[in-house]
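**Q** Put the complex together from the two separate chains, hints included.
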Amino acid sequence: METLMQAVVSGALMGLVYALISVGLTLIFGLMEVVNFAHGQFLMLAMFASYGMSVLLGLDPLVSLPIVAVLLGILGLITNRLIILQVIRGPMVAQIFATFGLGIFLANGAQFLWSPDFRVVQNPWLGQLAGGLVRLPGGVYLGVPQLGAAVLAGVAFAALYLFITRTKTGLALQAVAEDKEAAALMGINSQRMYDVGWFLGLACVGVAGAALANFYYIAPQVGNTFAIIAYVVVALGGFGSVSGALLGGILVGLVEILSPVVLGISPDLKYAVVYSVYLLIVFIRPQGLLGRY
Amino acid sequence: MTRDFLPVSRQLSKLSWPSLMIGLVALVLLLLPFVFSNPVLLDLMVLIFVYAGLAQAWNILGGYAGQISLGNAVFFGVGAYTSTALIRDAQIVPWIGGLAGSFLAVILALIIGYPVFRLRGHYFAIATLAIGEIAVAVASDINLIGGASGLTIPFVRDASGRPTDSWLWLQFNQDRLPYYFIAFILMVFCVLVTILLDRTKPGFYLRAIKDDQDAARSLGVHVLRYKQLAFALSAALTALIGTFYAQYILFIDPPSTMGLNLSVLISLIAILGGVGTIWGPIIGAAVLIPLGEVTRAEFGGAGAIELMIYGGLVVLISVVQPSGLMGLGQRIRHRRAPLTEPEARAAAASSSQEKPHATLD
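Heads up: the protein sequence lines correspond to chains F and W, in order. Position 39 (the first sequence) corresponds to 945 in the numbering used here; numbering is contiguous. Position 325 (the second sequence) corresponds to 342 in the numbering used here; numbering is contiguous.
Bound conformation, chain W alone (with noise of 0.2 Å):
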């Protein structure tokens, strides 16, 4: 990463106008909800946060990495079968599972990743497909969590019967506005985590771990160790999640908490929005999501055509610009933005009947 030397006047409009825009995109999030009520656009919101999150998480392996998971589903199936499964069969409170299932992940990830992580680029992509699909086969085995068939969250019932809010069970089934919120505190959490990556040695460590793993090694920097934490990062966050969702729809199943669907759909998420950025994702689960819905209300179907547009969106991405949406924009930036003197003078000469566009911005 080279950081431009700029005067700090320059620096300092750089910085804040960036800074400003999200604090006010935080601020319409927050108050949304108020204005519109709508219960589908709720459900619409609740969705983009919950996959901006996942595809975040995905990020810190895969886009600063460099380590491509198509498997991480099944972290947010351990999430949601953990609390599903304590609520059940010892009534331990959601909040107590989703933590326990985050540990639970971490565990697992770090166990997987010790032999999966000798395993380089194409080899680690296949490697943690198998590792999903072993994970949903077997999971649709044990009956103990309900096999194939999946689990039901009971509803928490008032006095009378009627199913109820209950912020310590994290259910709620009469206003589902705290749903909207919590999803958010999760996505901001998830994107809070990976700016401090960003910002921090290790952040750097996996950067030079993406780019060359060997020269990251032969500069002393621990690669498994260092690839271990982005593993456990991206699992735990994505487990917290899965119990979120699980509390949400309130019935899991092993294909739609561990399939290779999910998987994919979190990974192409980060990559239409940018990989190794910290706004892609958001930025791709913002298109994404409301697109699929569009399309799903458009055509009908089982989720065909929405998947068909985004394989499309992904192979355009992948060969025109793949540093996503937020590569995109960057590049639209640089054309507008005014060159600086020398660059000018290059351009100018570089083709002498062109105005170079700098003296006219």
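Bound conformation, chain F alone (with noise of 0.2 Å):
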């Protein structure tokens, strides 16, 4: 039972972390139609990025976080200009291997120029804050750097949900999703919301990075699993949906420490349960659970 209450919470926790890494795939392919198949390669130069302000500047990753978060967003502003405008109408083919070359040349040129060694940030702030764990009522214990970053990125998912449904770029954002047309007649400039889109989905990226490197190794291949499980996130959610994204990223926290636990397999299997959850749900409803399509 106990052990249950500890993989439930701590699944939970990580589901947080999934949801705020995903929410910037859903944001975009819910303004351009996009999948930005290079999603989890950003977060492992999120975490490159974290891992050398420690190292060469002696900044902790808490502290760093903000200056992650806008280099993340000012490289989502580049890779629209660059990339993704100039694909938007191109095929079907271009469109997905634009993204999904940058990715393995990201993720490759990393491991060209760091060796795929991992690393770990030495000693974070959220690692000696009280001891490093804490009790919680009912016998569960939880490491301070696992709780910081779901914390962490619970605040930056509810900051990025209050600036879509109450700030007037936020709601022109969601106008664009909608219909671009539409918005366009209202003086809303597309291109202009796709940038922010892309700024804000990818300085969430930053976030939950520099989060993740509180605790999680670091190598130059650790984006291919976040990025598969981002997808399966949204796609699950619904793509376009935020609050799918929190649902989604929560479910997949849950399913990923439950299914060892649960079904009794060996936890390498744990992904291809994510993965099988996912085909059956997109099956049954391709839409997503909150999907508008």
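Think of the hints as simulated: they come from the structure by calculation, not from any bench. Heads up, a few of these hints could be off.
As the list claims (entries may be wrong) - Chain W is faced by these chain F residues, among others (derived, beta-carbon under 8 Å): (1) Val-941; (2) Thr-985; (3) Ile-989; (4) Met-998; (5) Val-1188; (6) Phe-1189; (7) Pro-1192.
All residues carry an ideal CB built from backbone N, CA and C; glycine is no exception.
**A** As structure tokens, this is what we get:
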């Protein structure tokens, strides 16, 4: 019972981080109907940026977090201008492989430059806080870095949600996602909204990467698993749906951590279970749980 | 597809030059190993043939039918594992094992295709990606087929116990030349299947589905049936090459035969060369595989640099010339080709300072 509780809590916490990673993907898809297949590799870059600043400048991942978020946002802007806008009207093959190729380029470029070694940020503040471990009622133990990452992800997600639903720019974003022509007639510049979407989407990836750097290993190929999880989260929740990303993220976090406990299978198969659940759901409901289409 | 109506003489000259070239290239390829018997070159050529064939098989589904699969390596793995397991556990020769693998791959493709083809565009690509990852995880967990540590095909040995050559068991440990010709024939077979598809009704149906699925359906094309046909063809050819690869390397494991890296490499080759064309995948393999070998020799490493270059090239191709090297070639040829008279007049009218280069050619 206690292991189950433990699993549920840690799964839900990781799910929050998945949700933050995936919300950028869903935001961009909602706006432009383009899947960013380099999403996981951008997360990898964010983790390396966090790691680099801790090694070179002695900045804790918590301190460098805003810098990483802005850096990633700018990277998103550049990607949008240089690559996405060029292929958006092109054939499906070009749309998919422009970002897919970018992902391969980034992951292997990082591996070439920095070697495939695994790294960890040494002694992050979160790891030292309260001995790095907290005890929740019910005998559940949680690592402070994991908890901190989940809190950061939750706060960032909430901030994004408020931005989209409460500010003028956020409403304009929604309008463009809903209907480009009608939005244009209302005087909304959709090109500008694409920029905003890419900036925000990748800034979220930046926050998630900096949060993960507190406890997760950092390596050039680390983005691959996160990328597929992000596609699964978004497809599960519904492409284009922000609240779907939250639901999908937590579901995937739970399935991932519960499947070895509940099904009694080897932990190596946990992602296979996640992907199978995803396939099952899209076959029954191709638009995802909260999708509009 | 619009075919130009040209005078017969020009149509002939348009047709015969490429076919003459292709015949010449095929002849050179057949004679090549007798002139250069360098084992490194031979190995490189075998790899080119293998990847050209795989990219061609991908092209049937991705290029003609427009269904972008990121999990085609699964069928490669099915082919490799079926023949290898049959050799190991039932002493069945790989000739039969290869056909069995191909058959299994078709069955699997039809089963997967039924639900997956309901998904479109990006959704389809992501679903195939997930299927590939599931296959690797599951195959790594089944101890019956060697699990994560893979399977080794035992050498065929002669009376004195030395590894030897055998056409029956498809192993050539002394004189590796037969591998070259078998790989060549496999590639040619893939090309012939594509040519057949390109010129017959199903090929036109597939292109119609790619352009606009709903329009194709409204005109009476059975969309699911033809997508399944493309998927089954692609799977069967990919599995056949998988069996050959297992016999060539004599070792297989899940990541190298089913993994995402292989799936991606296959599609990158087709895309770089030009999707939906007969010769694109061949040209893609002939450019990318040597490029990969050269950069690996130059920079070392576990293939990171070559994948980095492939990735960069594919971004560039997608942005600048989505129709690949074939499209680039066509563009250059069109620029050089003499304009027809109305075209020349139009060109002259549009830029009065510039002499129409039609007359110069």
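**Q** All hints are to be evaluated individually against the structure, with a verdict given for each.
**A** The hints, checked one at a time:
1. Val-941: Holds, because the Cβ-Cβ distance from Val-941/F to chain W comes to roughly 4 Å (cut-off 8 Å).
2. Thr-985: Violated. Min distance 10 Å.
3. Ile-989: 6 Å, holds
4. Met-998: 5 Å, holds
5. Val-1188: 6 Å, holds
6. Phe-1189: Because about 4 Å separates Phe-1189/F from the closest Cβ in chain W, which is inside the 8 Å limit, the hint holds.
7. Pro-1192: 6 Å, holds
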